[in-house]
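Hints in hand, dock the two standalone chains.
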Amino acid sequence: MDFNLSRKHLLLQELFREFAKKEVLPLAAEIDKAARFPYETVEKLARYGFMGVAFPKEYNGGAADNLAYAICVEELSKVCAATGVIVSAHSSLCAAPIYENGTQTQKEKYLTKLASGQWIGAFGLTEPQAGTDAAMQQTKAVLDGDNYILNGTKIFITNADAAHVYIIIAMTDASLGTRGLSAFIVEKDFAGFSIGKKEDMMGIRGSNTCELVMENCIVPKENLLGKEGQGFRVAMSLLDGGRIGIAAQALGIAQGAIDVAVAYVKERKQFGQRISQFQNTQFELADMQTDVDAARLLTYRAAVMKDSGVRYSSQAAMAKLFASEAASDVTRRCLQLFGGYGYSKEYPIERMMRDAKITEIYEGTSEVQKMVISAGMKVN
Amino acid sequence: MKIIVCVKQVPDTNEVKIDPNTGTLIREGVPSIINPDDLCALEAALVLKEQYGHSIVAVSMGPPQAEVALRHALAMGCDEAFLVSDRVFGGADTWATSKTLAAAIKKIGYDVILAGRQAIDGDTAQVGPQIAEHLGIPQVTYAQSIKQDGNNAFIVQRQFEDRYQKIKITTPCLITTLSTLNKPRYMSVGGIVSAFDEKEIQLLDFAALKDYVDESDIGLKGSPTQVRKASPKQGKRQGILYEVSEDEAVEIIVKAVSVRA
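Those sequence lines, one after another, are chains A and B.
Each residue of the first sequence is one higher than the one before, starting from 52 at the first, in the numbering used here.
Each residue of the second sequence is one higher than the one before, starting from 13 at the first, in the numbering used here.
Bound conformation, chain B alone (with noise of 0.2 angstroms):
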C-alpha cells in the first residue's frame, strides 16, 4: 500500500509575534518546524508502515526552503519526498492549495492520503479534506486512532467534543490526524544521514502538474479568498481571585455584573 502524507513547513507560533500595525505574523528569525499535527500524520503512517511494510511517501508544496521539512520526514523514515514548488504556486489560498496538492497527489499516485487536522499558521483544517474532495474519495477527519482492517480498509475513531464515531473506510481514501493520536518520534542519526546521502527530494513544479490542473486554478490568481485586514484579537484582561466565602463571592459577583450592564 502507498500512503502519501502531507506536510507542511510552519513557523512555530509558540515563538512567533505579531505585527501590531499590519495583524500579520513576524516571520523574521522565528525557527520554522514542520506543523505538528502533520508530524502525527507521519508517525501514524511509519507505524503502518513497521506493521504493514507499506510505502510512505511526504509529499509539501511550499518554497524551497520546505525541502527541509522533507529532510526531516525521510529522516524520521519515510520512503519518499516530493516538494511542490513553483513561484506560479505562490500566494494560494486552501483552494488553490488543495487544487494544486490534488494534483501532485494524483500523478504520484496514492492508496491511503494522511494529512493533519490543520496547520498552526493557518488554522483552517480546509486543505485535507478538500483535496479529498477534489480527487472524488471518501475521508475522516480528526482521527484519534487509526488501526488497518484486512488489505484495503482501515477502523478510525473520529473525535468529538464528547465522544467518537468508529467509522470503517476502504480505499483509496483521506484521514485527517489530531494531534492526541500518537506521541511522534524523533529523527534518527542514520535516518538523517541518509535523508541527505542516499535519497532525493523529487521536485514537483508546475510544468509537471499541468495535466492535472488548471492553471486557472493556482497560485494567487486561483484562490478566490482574499484577506481585508488581519488583526490580532485583544487579549483577555487578567482576572482577579478572590479567597472568600460563598456569600461574599455572590456578592462580589452581583455587584460586578450590575456595573458592566
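Extracted from the complex, chain A is given alone in its bound form (with noise of 0.2 angstroms):
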C-alpha cells in the first residue's frame, strides 16, 4: 500500500492547481453573483484536457486515470464549486457512461467531441415526481420506425443549457419497473428537445441548472445507449463514477475553505494577538484538516479501486458520504472563524459554505449513500 501520489500525478496535481489559481479562481465571485456559466474558463479546460482526463487518447482524451480526475475536480472545487461540477457532470454523468456502455459507431461520434471538450455533456434522470425513487420515471420513450420518440421534463440538470448532447433515462416499459427504463443519447438540436426554466440555486451558480423539456423528440433508434432495460443499470453505474466526482469536489470545497481560513487567522487579530495564536483556533482547523484528510484518502481510494476494475460502489458512495458531510461542517466551522467578516461577500467563505450542502444532496443524498453501503454489508 502505497499512499503517495506518483510523480505523475504530483506533476498533474500543479498543473491543475496552477490552472485553478490563473484561471478559475478570478472568476470564482463574479460567476457566483451573476449566476452565469464560465464559458470562457471551460474553453480553456478543454485547450488543457481537463474535459477528458481520464478517457483514452484514441477517444481525444488525456489518457489519465479516475484518480487524476479526482484530483483535477478537487483542485479546481478548491477556488470554484461551480468549475469543479462543470468538470464532473459533464465526464462522470454524460462522457463515461457512453465510454462504458457506447458502441464503437457512438464512442466515435460522440465520446471524442465529449473527451475534448469540443461538447458539453449532461445528464438526466431526475423529474418532479422521481428523485431518488427513480422508478417513479414520467418520461417516456416510444419506438416508431427508426426513431424512439420522447416526452416528458427533467430537472435540476446540471450544465443544461451549455452541453451539447444529455444521457436521458426514459421508460421504455412502465410495466417493469426500473426494469423497463432505458438510456438515451439526445443531442440539443434534436426535434422536440428544449431548455425549460433555469433554477435560482443557493450554491453552485455558475453551473447552469435547468429543466430540460422533451416533446415528441425525435430520438434515432441507434441512439438507445445500452439496451431497452438497461437505463436503470447504466445509472446506477454513472452514478457510482459520478460520487468520485462530488466526492473530489466536496474534498476541494473543504480544503479550500481551509485554505483561506488558515491564511485569515494569521492575520485579523483580537485581544493583541493573531486570532491563529488562540487555541480554540489551532484545534478547529487540526480538527477540520483531519476530517478533510480522511475525506481525501476515501475519495483517492474509490477512484483507485475503479482504475483497478473491482466494484467501488460502497467506496464511492462512503467517500461521497463523507466528504460532502465534511465539506458542510468544514465551511460552517471555517466561516465562524471569520466571524462578521465571514457572513459579508467581501470573503469567499460564505461562496463555499454555500456550494457546499448541494454536495449532501445530488447525485444521491447521504441517506442513498447510507442505503447503498449497508446494502453492500449485506445489513438486510
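Among the hints, a few may not be true.
Below, in silico cross-link-like pairs of lysine to aspartate or glutamate (EDC-like), each with a Cα-Cα straight-line distance of 16 angstroms or less [what the hints assert, rightly or not]:
(1) Lys195(B) to Glu74(A)
(2) Lys108(A) to Asp209(B)
(3) Lys108(A) to Glu210(B)
Every beta carbon over 12 angstroms from chain B, so not counted as near; a handful from chain A, in silico [as the list claims (entries may be wrong)]:
(4) His60
(5) Leu227
(6) Gly360
(7) Tyr398
(8) Ile412
Calculated from the structure, these hints are not laboratory results.
Glycine included, every Cβ here is placed at the ideal spot set by N, Cα and C.
As C-alpha cells, this is what we get:
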C-alpha cells in the first residue's frame, strides 16, 4: 500500500492547481453572483485536456486515470465549486457512460467530442416526481419506426443550457418498473428538445442548472445507449463514478475553505494577538484538516479502485457521504473563524458554505449513500 | 529544423528567504519551478513547431531532480529531453556550465538554440551567450519577438530600454528570450501522461560528453569564479508620503536634503 502520489500524479496536481489559481479563481465570485456559466473557462479547460482526463487518447482524452480526474475536480473546486461540478457532471455523467456502454459508432461520434471538450455533456434522470425514487419516471420513450419519440421533463440538470448532448433516462416499458427504463443519447438540436426554466439556486450558481423539456422529441434508434431495459443499470453505474467526482468536489470545497481560513486567522488580530494564536483556532483547524484528509483518502481510494477494475460502489458512496458532510461542516466552522467578515460577500467563505450543501444532496443524497453502503454490507 | 531549448530548474524566488548569516538562499521547502524566462523560450519554440513542424529538444543541466523540469517541458509539447547530470559537473559557475551545455548541445545536434535571458536564482545572463561563444555561432540576446524568415533565418527584435533592433540571423544560431516575448502555455493532461508513459529523459553524464569537453573545464575545478561572500542588500527605507502644496513640498525636500548633507 502506497499513500504517495506518483510523480506523474504530482505533476498533474501541479497543473490543476496552477490552472485553478490563475484561470478559475479570478472568476469564482463573479460567476456566483451573476449565476453565469463560465464559457471562457470551459474553453481553456478543453484546451488543456481537463474535460477528458480519464478517457483514452484514441477518443481525444487525456489518457490519465480516475485518480487524476478526482485530483482535477478537487483542485478546481478548492477555488470554485461550480467549475468543479461542470467538469464532474460532463465527465462522469455523460462522457463516462458513453465510454462504458456505447457502441464503437457512438464513441466515435460523441465521446471524441466530449473528451476533447469540443462539446459539453449533461445527464437527465431526476424528474419532479422521481428523485431518489427513480422508478417513478414519467418520461416515456416509444419506438416509432427508426426513431424513439421521447416525452417528459427532467429537472435540476447541471450544465443544461451549456451542453450539446445529454444522457436521458426514459421509460420504454412501464410495466417492468426500473427494468423498463432505457438510456438515450440526445443532442440539443434534436427536434422536440428544449431547455426549460433555469433554477435560481443557493450555491454552485455558475453551473447552469435548468429543466430539460422533451415534447415528441425524435431520437434516432441508434442513439439508444446499451439495450432497452438497461437504463437503470446504466444510471446506477454512472452515478457510482459520479460520486467519486462529487466526493472530490466536496473535498476541494472543504480544503479550499481551510486554506482561506488559515490565511485569515494569521492576519486577523483580536485581544492583542493574531487569532491563529488562540488554542480554539488551532484545535478547530486541526479537527477540520483531519476530516478533510480522511475524506481525501476515501475519495482517492474509490478512484484507485475504479482504475483497477474492481467493484467500488460502496467505497464511492462512503467517499461521497463522508466528504460532503465534511464540506458542509468545515465550511460552516471556517466561516465562524472569520466572524462577521465571513458573513460578508467580501470574503469567499460564505460562497463556499453555500456551495458545500449541494454535495450532500445531488448524485444521491447522504441517505442514498447509506442505502448503498448498508446494501454492500448485506445488512438487510 | 531542430530547436534546442535550454531549461533551468530554479527555486521559486518569490517564496525563498535569505539566510542573514551566510547570505545564501534557504532552499529547503521551497518549490522548484522552471526558470520563467526559459518557459518563454519553450513557448517560442513550441509556437515555431506549430507553424513549421520543427522538432523541439529540451536540455537541462542539474542534479537528478531537475528531471521534473524536463518532464514539464515534455508535457508542454517538447519532443525530446536531455538531462546533463553528473557529480563531476557539480559546483560549476557560468563558464563551466556553458562549456558543459555547449558540449551536450554539440553532441545532440541543433539548428537553433533558445535560452531564457537569465535565471532568477543567479541573474547572470551569461550562460546563453557563453554557449554561443563556445560553439562559435552568432547570437541575439534579449529577444522580444522571433519570426522565422525562410528556411534558415529568423527576424528577431532585440529589446533595449527605449527602442529595439530588428536583426536577421541565419542558422545555426542562439537566441535568448525575454519574459515579455509571450505568455507560456500550461502543460496539458495528455502531455503529462505522454511525458511519463511514452517519452524518456535521456541522461548525458561526463562519460557521454568526454569527447566534447575537457575535464579541466567542468565542475568546481573548471570554474574560475569563486564567491567570497554573499550578503543581502539592505532594503530601502519606507518612504513618507506628504499630501501638501508645491511650496510646502519644496520646503520639506530642502529640509530633508540639508539634514542628510
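(message) Checking each numbered hint in turn, tell me which of them this model violates, lowest number first.
(response) 4
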